[in-house]
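Asker: Sequence:
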Amino acid sequence: MAAQPEPWFERRIKRGLAALMALRMEGHPPADTVEATAKVWVQALWPGRAWVEALDADRIGEAFRQITLHETRWPTPAVFLRYLPARMPQKSLPPPAQTAEEKERARAILAGIMEALKSKRTINESGQN
Numbered sequence: 451m452a453a454q455p456e457p458w459f460e461r462r463i464k465r466g467l468a469a470l471m472a473l474r475m476e477g478h479p480p481a482d483t484v485e486a487t488a489k490v491w492v493q494a495l496w497p498g499r500a501w502v503e504a505l506d507a508d509r510i511g512e513a514f515r516q517i518t519l520h521e522t523r524w525p526t527p528a529v530f531l532r533y534l535p536a537r538m539p540q541k542s543l544p545p546p547a548q549t550a551e552e553k554e555r556a557r558a559i560l561a562g563i564m565e566a567l568k569s570k571r572t573i574n575e576s577g578q579n
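When we follow the working numbering, the leftmost residue of the sequence shown carries the number 451, and every step to the right adds one.
Bear in mind the hints are in silico, worked out from the structure with no lab data behind them. Just to be clear, a hint being listed does not mean it is correct.
[Said to hold, decoys possible] Label pairs and their computed distance ranges (CB to CB):
#1 Ala494 x Gln516: 15 to 23 Å
#2 Thr549 x Gln493: 46 to 54 Å
#3 Ala472 x Gln493: 21 to 29 Å
#4 Gln548 x Glu512: 37 to 45 Å
Where a beta carbon is used, it is the ideal one built from N, C-alpha and C, also for glycine.
Whole structure, please, built from the sequences with the hints as guidance.
Answerer: Encoded structure:
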């Protein structure tokens, strides 16, 4: 994560705050302080998190959308974080391919286990411990 906020992040926050300003929610900041408000939000939200545009840009937009639907007062960054959806799970890597040698070794181990279980069952069925 970069020490300075990335431009995409600042743009997303500014866009979300602009949408909230248009609603004139109770407690909204004065119009001439929107730039300063956006800076404070970015400074509050950027550090301590690994923001990645491909993973987070849509989440940020969705958080602001949810705020517009559910809040009547101007939100704080903490409220924004409560509305921020979880990241979509990343696709797992496929298991590594086994070599023919590894497959044969696994088969031999399983065959040994099966043989041990068969001999144990035979002993138990004959009444021995």
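Asker: When the hints from earlier in the document are held up against this structure, which numbers fail?
Answerer: Violated hints: none; all satisfied.
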